[in-house]
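If you use the working numbering, the first sequence corresponds to residues 12 to 904, in order.
Hints listed in this document are in silico derivations from the structure and should not be mistaken for laboratory results. Heads up, a few of these hints could be off.
[Said to hold, decoys possible] List time: in silico DSS-like cross-link candidates among lysine-lysine, alpha-carbon distance up to 30 angstroms:
{"#": "1", "residue 1": "251", "residue 2": "178"}
{"#": "2", "residue 1": "776", "residue 2": "891"}
{"#": "3", "residue 1": "873", "residue 2": "734"}
{"#": "4", "residue 1": "459", "residue 2": "378"}
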Amino acid sequence: MDKLILIDGNNIIYRAFFAMPPLTNTAGQQTNAVYGFTTMLLRLIDDYKPSHLIVAFDAGKITFRHEGYEDYKGGRQKTPPELSEQFPMLKDLLRDLGVPQFEISGYEADDIIGSISREADAAGREVIIVSGDKDMLQLASEHTTVALVRKGVTEVELYGPQQIREKYDLTPEQIIDLKGLMGDTSDNIPGVPGVGEKTALKLLHQFGSVEGVLAGTGELKGKMKEKLEEHADSAVMSKKLATIYREVPLEHAWEDMAFSGIKTETAGPALAKLEFKSLLERLSLSAYAPAANGEGTGAEASGAAETAVLDITIVGEAELEALIAALPDISALHVETNGENPHRSEVIGIGLSSPEQHYFVPLALLKSPAAAPLRDWLGDSSAPKSGYDLHRADLALHWQGIAFAGAANDVQLAAYLLDPTEANQNLNDLTAKYGLPRLSPDEEVFGKGAKYKIPELEILGNHVARKSATVLGIVQKQQQELTETAMTGLFVDLEMPLSRILADMEKQGIAVNKEDLKELGKEFEAQISTLVTEIYEICGTEFNLNSPKQLGEILFVKLGLPVVKKTKTGYSTDAEVLEKLAPYHDVVRLILQYRTIAKLQSTYVEGLLKEISEETGKVHTFYRQTIAATGRLSSQFPNLQNIPIRLEEGRKIRKVFVPSEPGWSILAADYSQIELRVLAHISGDERMKEAFLEDMDIHTKTAMDVFGVTADQVDSNMRRSAKAVNFGIVYGISDYGLSQNLNIPRKEAAQFIEQYFEVFKGVRKYMDDIVLDARKQGYVTTLLERRRYLPEINAKNFNLRSFAERTAMNTPIQGTAADIIKLAMVHMDKALYERGLKSRMLLQVHDELVFEVPPDELELMKELVPEVMAGALALSVPLKAEVSYGSNWYEAK
DNA sequence: CATATCACG
DNA sequence: ACGTACGTGATATGT
12 MDKLILIDGN NIIYRAFFAM PPLTNTAGQQ TNAVYGFTTM LLRLIDDYKP
62 SHLIVAFDAG KITFRHEGYE DYKGGRQKTP PELSEQFPML KDLLRDLGVP
112 QFEISGYEAD DIIGSISREA DAAGREVIIV SGDKDMLQLA SEHTTVALVR
162 KGVTEVELYG PQQIREKYDL TPEQIIDLKG LMGDTSDNIP GVPGVGEKTA
212 LKLLHQFGSV EGVLAGTGEL KGKMKEKLEE HADSAVMSKK LATIYREVPL
262 EHAWEDMAFS GIKTETAGPA LAKLEFKSLL ERLSLSAYAP AANGEGTGAE
312 ASGAAETAVL DITIVGEAEL EALIAALPDI SALHVETNGE NPHRSEVIGI
362 GLSSPEQHYF VPLALLKSPA AAPLRDWLGD SSAPKSGYDL HRADLALHWQ
412 GIAFAGAAND VQLAAYLLDP TEANQNLNDL TAKYGLPRLS PDEEVFGKGA
462 KYKIPELEIL GNHVARKSAT VLGIVQKQQQ ELTETAMTGL FVDLEMPLSR
512 ILADMEKQGI AVNKEDLKEL GKEFEAQIST LVTEIYEICG TEFNLNSPKQ
562 LGEILFVKLG LPVVKKTKTG YSTDAEVLEK LAPYHDVVRL ILQYRTIAKL
612 QSTYVEGLLK EISEETGKVH TFYRQTIAAT GRLSSQFPNL QNIPIRLEEG
662 RKIRKVFVPS EPGWSILAAD YSQIELRVLA HISGDERMKE AFLEDMDIHT
712 KTAMDVFGVT ADQVDSNMRR SAKAVNFGIV YGISDYGLSQ NLNIPRKEAA
762 QFIEQYFEVF KGVRKYMDDI VLDARKQGYV TTLLERRRYL PEINAKNFNL
812 RSFAERTAMN TPIQGTAADI IKLAMVHMDK ALYERGLKSR MLLQVHDELV
862 FEVPPDELEL MKELVPEVMA GALALSVPLK AEVSYGSNWY EAK
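Work out the full structure, taking the sequences as your base and the hints as a guide.
Structural data, given as structure tokens:
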């Protein structure tokens, strides 16, 4: 398919000149406009892959328009010599790149473009017109799109007739009338004084055109009528001036505009001569790059591969004062850190952005006495800040002794809400998503893995400042999206406040009794060594017990045990398999025991010991708010959401989690059956609601209803089955899954499910409806409007589709439960603050909150915590939280 | 750097 | 007939 790009050469080089910092090459020539133009050109070629491409330039000084209006463009400043010099450079470069350029004596670039586009239109060819001039919108048509260049030359907005209608409710032709009425100071088109865009649009919506307006002034009154009548001539003339002349005699044929890619043989030397190293790199022409001579080369030295054009100040002592003066205008920041764990990472420096100016402040300067006002601003909760992962920034700054407050807008968090399944969207992903200038990937700037190295100040500062600048660009787009998806409230009133609360919990940390943990480790060590000796003896050989591969070899080849299950790579030896093998051979029980203890030793004793902070004697986990697709939190470094509890051996680990002050208690409160209560509410199932309204044991109640028996007839087996069915319901039930869990035939499981749905008809209806809903909308939501997209809900592949269906059933339940405990945390934080309590919230484990509490607050907290948790959100069934406490986390059971 | 296993809700 | 329960993170092997 033919595709023609028409570039308004004069307009773009002008924009590039004023948008780029005044950089020069080693020969002293200013090259900024050529550089800006070329980056934009390469980007267009990359993005649209045109088959035809031309750059049009104004030719000569006199255009036919002067004949009618002497002052045309008279208001425009004379072209500065620094720019004039770059015209021939650009034209030479375009020639060497192999990009056709047109100039026609007596005509301006837009007339050439208008005329070519008229011919292309007539031939039905696809055309993209690139310019910063809104006048060009008049050329939009079915096949012609106008790419309006914004923000320097780094962004374009595409306008077809439909976008013009959406934005102005005008046709492309009416753009001329709009200009005729409102004028354009930059082009010195007078228009009608006192008529701006708003009035002009109103008039055009009423009368359709300049002529219509002038004929219809009788219907108007007052000043407006007078103005229009007085300046009628000016309006008509302005319209004429704004009209792009589309009848330029073109001697060029379609073939003359053909573009078959960059001519690398000539482009290489030309770019090298201009010292555009990053462009050479981008075109894989680095072989042409001039040898390094140690001298900075303007745009290239500092700009690396980044294409954004920004005013960046690398702040030193000398610039600090100006930065501090500008703080009231700064709304975005980026704290550059290294490493994954924010409690251990170093702060490298911070980028700060106002809409006009961007700054980089290295850590050393940030910590210097002179930067005190800057630090005050960072810690000022009334100075709102936008950023990417502010929660992480807060922690990293905290350990540098710098307070952070005023997180107003975290773009990572917003991006997560807008699509929680998109894995870890980094800033660069977001620039791509929102069409912002690309950032160099961190790996390019810092190097990856062992090669990690902080680059020289200039490169570092530019990179980090670009990040904060990028944040500014992202914020606005996201706010609109959040509004459109009804998630503004969720973002502003829940997730943003929660991120600050999480940071407080993490800074606080939870104390770990190191000696007791080591003692426990010795016990485990002894058990492990006994087990290992026994196992080797029984097997008659020593091998690596931790290797499933070697273990499989022993069990299934040497001992000849039956193969129950296979993995991709060989025999499965997981606990489920070993349980089945236990009756065949005594060693299997020992292996299971070994696995249990070895897990506790490596993950929970050794792992936890490594995470105890030298500084505080505590473990400081890092909650991640943007990982789980359902809205849950996740916990890292260490994960404190999977500390053992089910088996007594492991549960002992909890004894080492203690209060950080003598005499205090650990208090834990967990929601009782929160997911099933949520299900009862969402589905509205009467029977299930009844169970919770009467505060019955839900699994017993389920067994009674499914098996049709009375409470005292429910035996432990029936209750166990009912419990499994309830779990299955929450997970998005399948007969196969239930059969696996209960170790029964699939048919039996299917029967169970059918019986369940016969009784809980409302639940069946919910399950059916939510899947239909997901199919129709493409997403499901929680009670607080948290959203999860399920693109695979309509997949042809049975597996993919089934998975999406189960997710559709599960996410509103798990997600709403997550919403509720998050709400409870916000309320709890507020309650502690307002009452001036010393008790501290330390941990969240999905349906549980853990606190440390001084003795004089214990009685109060025993009441307050469950009350706040139960009252977090009003459902059609009560929420219930059960509280317990003790001298450590184990005792709080 | 992927895979298997297992800890939690 | 299809073949899996939902959501996470840490550790150890072995490629």
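Status of the hints after comparison with the structure:
no. : hint         : result
1   : 251 with 178 : 23 angstroms, holds
2   : 776 with 891 : 26 angstroms, holds
3   : 873 with 734 : 29 angstroms, holds
4   : 459 with 378 : 27 angstroms, holds
The structure shown violates none of the earlier numbered hints.
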